[in-house]
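If you read the protein sequences in the order shown, they are chains A and B.
Counted the way my numbering counts, the first sequence spans residues 1 to 329.
Counted the way my numbering counts, the second sequence spans residues 1 to 329.
Worth flagging that the hints you see were computed from the coordinates, not collected in a lab.
Heads up, some of the hints might be wrong.
For chains that are exact copies, the list does not tell them apart, and a pair is met inside one copy or across any two.
[To be verified] Keeping only pairs whose Cα atoms sit at most 25 Å apart, straight-line, the calculated SDA-like set for lysine to any residue is: (1) LYS186 to GLY11; (2) LYS69 to ILE262; (3) LYS186 to PRO174; (4) LYS189 to PRO8.
This is what each chain is made of:
Protein chains: 2
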Amino acid sequence: MPEIRTDPLTGHRVLISAERANRPMATAASSCDTSDAACPFCEGNEQETPGEVFAIRNPESTIDRPGWKVRVVPNKFPAVSTVHELLALDLTTLCLPGIGAHEVIIETPRHVAGWTELSVAEIDDVLSAYQARLEYWRRESNLKYAIVFKNLGYEAGASQFHAHSQLLGLPIVPEQVAHEHRAAEKFWKQSKRCPYCDQIAQEQAQRDRIVAESDEFVAFCPFASRLACQIRVLPRQHASRFGLLPAQPRRALAGFLQELFIRLERVLVIPAYNFWLQTLPFSSLDANHFHWHIEILPRQSNIAGFEWGTGYTINQIPPEYAAQRLRNI
Amino acid sequence: MPEIRTDPLTGHRVLISAERANRPMATAASSCDTSDAACPFCEGNEQETPGEVFAIRNPESTIDRPGWKVRVVPNKFPAVSTVHELLALDLTTLCLPGIGAHEVIIETPRHVAGWTELSVAEIDDVLSAYQARLEYWRRESNLKYAIVFKNLGYEAGASQFHAHSQLLGLPIVPEQVAHEHRAAEKFWKQSKRCPYCDQIAQEQAQRDRIVAESDEFVAFCPFASRLACQIRVLPRQHASRFGLLPAQPRRALAGFLQELFIRLERVLVIPAYNFWLQTLPFSSLDANHFHWHIEILPRQSNIAGFEWGTGYTINQIPPEYAAQRLRNI
Chain A
1 MPEIRTDPLT GHRVLISAER ANRPMATAAS SCDTSDAACP FCEGNEQETP
51 GEVFAIRNPE STIDRPGWKV RVVPNKFPAV STVHELLALD LTTLCLPGIG
101 AHEVIIETPR HVAGWTELSV AEIDDVLSAY QARLEYWRRE SNLKYAIVFK
151 NLGYEAGASQ FHAHSQLLGL PIVPEQVAHE HRAAEKFWKQ SKRCPYCDQI
201 AQEQAQRDRI VAESDEFVAF CPFASRLACQ IRVLPRQHAS RFGLLPAQPR
251 RALAGFLQEL FIRLERVLVI PAYNFWLQTL PFSSLDANHF HWHIEILPRQ
301 SNIAGFEWGT GYTINQIPPE YAAQRLRNI
Chain B
1 MPEIRTDPLT GHRVLISAER ANRPMATAAS SCDTSDAACP FCEGNEQETP
51 GEVFAIRNPE STIDRPGWKV RVVPNKFPAV STVHELLALD LTTLCLPGIG
101 AHEVIIETPR HVAGWTELSV AEIDDVLSAY QARLEYWRRE SNLKYAIVFK
151 NLGYEAGASQ FHAHSQLLGL PIVPEQVAHE HRAAEKFWKQ SKRCPYCDQI
201 AQEQAQRDRI VAESDEFVAF CPFASRLACQ IRVLPRQHAS RFGLLPAQPR
251 RALAGFLQEL FIRLERVLVI PAYNFWLQTL PFSSLDANHF HWHIEILPRQ
301 SNIAGFEWGT GYTINQIPPE YAAQRLRNI
């Protein structure tokens with residue numbers, strides 16, 4: 001059973017996959033596989049992954065066979081063990097059972113890497129798979145939280161070239177996420193305004209960090225961008241659960257995101273980024289204070305000793321300058 | 001003037017070097033230079049760096065000329081501006097002036113990379129340079145905190161091959177560090193024991209995470225190791241300020257650390273690591289609750305979207321297994 005361990009002094013939590021201990025140490029590192037011959041995510045190689053738990057397929061096709069557009073499978077090397085029934089957790093101990101959900105969303109049957117190589121309809125299918133799996137785990141488990149994330153490129157921690165994202169569900173809400181929610185709730189109580197709605201209004205008034213805008217979405221480089229060219233994407237209309245986004249704006253989001261990645265690819269030196277979706281924790285009811293959002297974090301430089309030791313990051317490109325570069329492409 | 005910006009909701013702080021905005025974006029990323037022809041840290045190329053602020057030199061040699069063993073220079077691309085006089089800081093604002101100290105400790109005149117290629121005497125000189133610069137900034141500035149760190153290898157964020165470390169001083173104590181101090185102080189108040197002394201005793205009793213021991217020092221893989229093969233080094237004798245470590249145990253530490261790096265190099269797949277030294281913040285008096293320590297964090301896998309989005313890490317090698325591998329080399 002994996003474990004979620006806590007450092008008693010720093011409070012840092014780590015997911016430790018104990019059952020992988022006997023694998024050779026060498027496999028702890030792997031570089032991106034850019035060949036499609038043995039790619040476990042390519043159409044026709046369905047037997048290389050655990051059996052699918054969700055797919056968008058042609059009606060005449062068969063489960064775990066070709067004929068799919070998006071395919072969701074359990075992670076072959078999960079960081080947490082899948083359970084639906086949550087054990088009673090003693091949150092005061094430094095070692096919790098590593099239970100949760102760890103799934104891979106295979107975004108296309110074709111051996112391509114990024115969202116600039118998918119069609120808008122394909123990205124829309126990926127987003128609808130995110131919704132389906134987030135709503136599944138919200139409904140069918142006692143997990144408290146799930147994050148959807150995507151890593152593209154070796155520098156961003158990807159170990160597979162073929163376009164994929166991951167969902168990781170946890171029995172607790174991570175402290176960093178809980179902290180953000182508490183701050184947002186405090187702001188709401190004081191002002192009766194959603195702080196994210198406020199941020200959209202401020203960025204639109206100030207304009208110098210805006211990257212792109214549409215009727216439904218806004219993208220900007222955050223004021224305290226953690227690394228160069230970070231982009232935050234928010235829906236204009238207040239909404240706390242990504243799973244409830246209707247089909248029409250979801251399709252618009254697919255096109256909006258693809259445009260952002262095209263802009264990024266023209267500016268980035270290293271084609272690597274992390275992407276994640278923050279939606280309402282499962283343990284929360286619909287919230288006035290929280291607004292779902294997507295963060296895109298290009299990985300042009302690696303984090304190092306200073307960042308580990310202090311928790312601060314160093315960003316050599318001010319967001320005002322990054323946004324100008326991205327906007328003017 | 002660089003800025004220290006804070007995200008109002010997440011609380012994340014970032015050092016933004018505004019004056020670097022006009023540099024071409026391409027230079028945001030750089031790979032390790034493994035050629036010594038144009039290495040700015042090699043003996044004979046002293047004019048390629050800002051003028052030295054400290055050096056261990058042969059008595060007959062001249063400042064900023066050959067004849068040195070360790071040389072400390074201001075960082076050519078500092079993340080903070082050097083000031084000795086601290087302005088009054090309004091800590092409630094989201095944007096502080098990025099003032100502090102950012103120095104490079106060039107560890108050897110020779111074009112080598114790691115501490116396995118230095119002699120124990122050379123490592124001892126490096127440690128004594130750490131002490132000199134930490135004590136200098138403690139005494140001569142109003143800065144609140146400084147961290148010494150070393151990045152080796154591209155995967156660990158190093159942009160220069162030639163062996164070097166860095167000192168970064170700040171006008172505030174990073175929240176992550178302050179959090180650890182508060183937790184340690186609380187433990188001290190409750191038990192009248194230093195929690196780090198306690199950790200040494202526990203690890204020595206339990207034994208399964210111990211990597212190496214000497215009369216003066218203990219090294220173990222922490223219970224909640226953030227990544228595979230993390231090593232924490234502590235002096236057995238309680239001490240909160242690294243700057244006050246006497247010459248004899250400092251020399252012993254040099255040899256102890258070198259042995260750890262030899263062990264790591266035999267186990268690691270990717271020869272990359274971060275190393276940092278946590279000593280008492282300048283703003284604290286000598287403390288019963290805090291014990292200086294060194295963290296070594298091998299970078300066998302990159303952090304990715306999950307880590308950015310949650311603040312948690314994933315470690316595929318339990319520390320008990322990592323310690324066994326490192327111990328048995």
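- Item | Hints that the structure is at odds with (numbers, increasing) | none
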